[in-house]
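Colleague: Given chain B, put chain E in place with the hints provided.
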Amino acid sequence: MMTRIRKIFRSQKVIPICSMVLGILIIIAIFAPWIAPNDPIAVNLVYKLQPPSWEFPLGTDHLGRCNLSRILYGTRISLGFAMLIFISSLSIGLIIGTFSGYRGGWIDHALMRFCDGILAFPNLILILGLVGIFGPGLKQVILAIMLVQWVYYARMFRGMVLSLKEHNFIAAAKISGSSQWKIIKNHIVPNVLPPLVVMGTLEMGWAIMDISAMSFLGLGVQPPTPEWGAMIHEGKSYIRTNPEIMLYPGLVIMLVIVTFNLLGEALSDRYSIKRRF
Amino acid sequence: MSLLQVKEVTHSYGSRSIFNWKDRSKKVLSDISLSIEEGTCLGLLGKSGAGKSTLGKVILGLERPQNGQILFQGHDIYTADNHIRKKIRRNLQVVFQDSYSSVNPRMTAERIIAEPLENYEKLTVAEQKRTIVELLERVGLSEVDLKKYPHQFSGGQLQRINIARAISLKPKLIVLDESVSSLDMVNQTLILELLRELKEDFGLSYFFITHDIKSAYTISDTLGVLEKGELVELYGSKNQFFTSEHPVVKEMRGSILAEHPRYRSVRTREKHTKSI
Numbered sequence: 006m007m008t009r010i011r012k013i014f015r016s017q018k019v020i021p022i023c024s025m026v027l028g029i030l031i032i033i034a035i036f037a038p039w040i041a042p043n044d045p046i047a048v049n050l051v052y053k054l055q056p057p058s059w060e061f062p063l064g065t066d067h068l069g070r071c072n073l074s075r076i077l078y079g080t081r082i083s084l085g086f087a088m089l090i091f092i093s094s095l096s097i098g099l100i101i102g103t104f105s106g107y108r109g110g111w112i113d114h115a116l117m118r119f120c121d122g123i124l125a126f127p128n129l130i131l132i133l134g135l136v137g138i139f140g141p142g143l144k145q146v147i148l149a150i151m152l153v154q155w156v157y158y159a160r161m162f163r164g165m166v167l168s169l170k171e172h173n174f175i176a177a178a179k180i181s182g183s184s185q186w187k188i189i190k191n192h193i194v195p196n197v198l199p200p201l202v203v204m205g206t207l208e209m210g211w212a213i214m215d216i217s218a219m220s221f222l223g224l225g226v227q228p229p230t231p232e233w234g235a236m237i238h239e240g241k242s243y244i245r246t247n248p249e250i251m252l253y254p255g256l257v258i259m260l261v262i263v264t265f266n267l268l269g270e271a272l273s274d275r276y277s278i279k280r281r282f
Numbered sequence: 054m055s056l057l058q059v060k061e062v063t064h065s066y067g068s069r070s071i072f073n074w075k076d077r078s079k080k081v082l083s084d085i086s087l088s089i090e091e092g093t094c095l096g097l098l099g100k101s102g103a104g105k106s107t108l109g110k111v112i113l114g115l116e117r118p119q120n121g122q123i124l125f126q127g128h129d130i131y132t133a134d135n136h137i138r139k140k141i142r143r144n145l146q147v148v149f150q151d152s153y154s155s156v157n158p159r160m161t162a163e164r165i166i167a168e169p170l171e172n173y174e175k176l177t178v179a180e181q182k183r184t185i186v187e188l189l190e191r192v193g194l195s196e197v198d199l200k201k202y203p204h205q206f207s208g209g210q211l212q213r214i215n216i217a218r219a220i221s222l223k224p225k226l227i228v229l230d231e232s233v234s235s236l237d238m239v240n241q242t243l244i245l246e247l248l249r250e251l252k253e254d255f256g257l258s259y260f261f262i263t264h265d266i267k268s269a270y271t272i273s274d275t276l277g278v279l280e281k282g283e284l285v286e287l288y289g290s291k292n293q294f295f296t297s298e299h300p301v302v303k304e305m306r307g308s309i310l311a312e313h314p315r316y317r318s319v320r321t322r323e324k325h326t327k328s329i
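Just so you know, the sequences run in chain order B and E.
Under my numbering, the residues of the first sequence are numbered 6 to 282, in order.
Under my numbering, the residues of the second sequence are numbered 54 to 329, in order.
Only chain B is shown next, with the shape it has when bound in the complex (with noise of 0.2 Å):
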């Protein structure tokens, strides 16, 4: 049994397997109001703490709200803003990463001891830090987020222009009097940018984390918006007596970063290793 799990996961099938999970959540993120059988955010103390039933699939929390609706409205936020955050902090990551590696020198210097020193706190004390500046909310927590994460790109990215740099394909297109701009973006950045999008599958998935670990701590997003991590919150007080309130969404979570993982796997055993150099 374990080991045909594990066959399948190696196989040829992830890839379509989990592109088709994504492509559900992704359609349930966008029709969640027609999907959902309730209004998320409609409190009725009657119905509270309700189990299963044919109006509410997934039962009702403490506040009388359908799970069920929640969980897909919830798909909305935490996979639109992990989007968001992974879409943004790349292309930050790309543009200094690449400027660094590209140019050298002192500015390379200060760049990366910057980096470096970002990199020297733990990720999500760092996150932590600059929400308690900004101040609690899910624009400030994505902010934050950013900040931290394009820090990784770049050191990436900078890492793969320097070894680019090397190859005689660049030396050649600046005799053939390419501009410098041109190098970069003909030569560079389509050489470095698939690979970095493959890890960055991987990245979504702490990404995810990351916002539902904000808003366990109370400091994303604030009810009674939908979110997993915001559910999981307002779930603990009843983990003695409800504890499929604080299920669903673990599950959902669970989910979506294993499906992240397994075709951030996938792709870059597909892509990277076939390449020429």
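There may be inaccurate statements among the hints.
Keeping only pairs whose Cα atoms sit at most 25 Å apart, straight-line, the calculated PhoX-like set for lysine-lysine is [what the hints assert, rightly or not]:
| id | chain 1 | residue 1 | chain 2 | residue 2 |
| --- | --- | --- | --- | --- |
| 1 | E | K267 | B | K179 |
| 2 | B | K187 | E | K110 |
| 3 | E | K175 | B | K187 |
The hints are simulated quantities; they were obtained by calculation from the structure and are not laboratory data.
Modeller: Same frame as chain B, but now just chain E:
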């Protein structure tokens, strides 16, 4: 006036940074002077690590030497005005040894060859495509190769694409940095033949860097020998190489294998190479 003049060029590698105050630079070129006439080929022989490729880079304008000048048609390529430098750039092209790393793996042959054309010539799409096809045919490839990626070519074919890119702007001088060294014997001969034809057709000059005496002899008009960053010998005629008594040259000559194994013993080798 010579096409290219290298005047007393000295260069060294090594860096000083915040953590490394002491100057630990290593001299790779010392006091090199040579010149290349229009329409001729200067072969530069030397062992690995002699500084041949560094000299190539210095001539190409990729690495500014610490001392000395590179004059191209009388203009210093490092200090000339921008518009003159742009003109010089277009007349100075290169073909490197490793054909795979000299092309972007994510570009088709068409885009590789188009790069210099896009930068210097303002051609329409159709004109550009026609020029590229002509260039491909000139180097022995055909129109079907336009849309292929580097990994679909063999090393020899890819080197032909590099040559096509180098001649696309009709330059005056091409630096051939070990351009045939990584090819097999048959391809070496074919590429050397192609290079010789192109030289006649376009009136090109070559700066041919190599460690292979035979290919240098085949294509060059004049020969230089570089040893540990110093230009030990410079011959106006390549045949002088075989009569020179300089110890470095003698050592090099001794490394040529005889055509027939019978002559490959150390004693008969000297006798044989003298008779070439």
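Colleague: Checking one constraint from the list: CA of K187 (chain B) to CA of K110 (chain E), max 25 Å. Satisfied?
Modeller: holds, 21 Å
Colleague: Keeping to a limit of 25 Å between CA atoms, is the pair of K267 (chain E) and K179 (chain B) held or broken?
Modeller: violated, 31 Å
Colleague: Within 25 Å, alpha carbon to alpha carbon, are K175 (chain E) and K187 (chain B)?
Modeller: Roughly 16 Å between the alpha carbons, so the hint for K175 (chain E) and K187 (chain B) holds.
Checked against the numbered hints given earlier, the structure breaks only hint 1 and satisfies all the rest.
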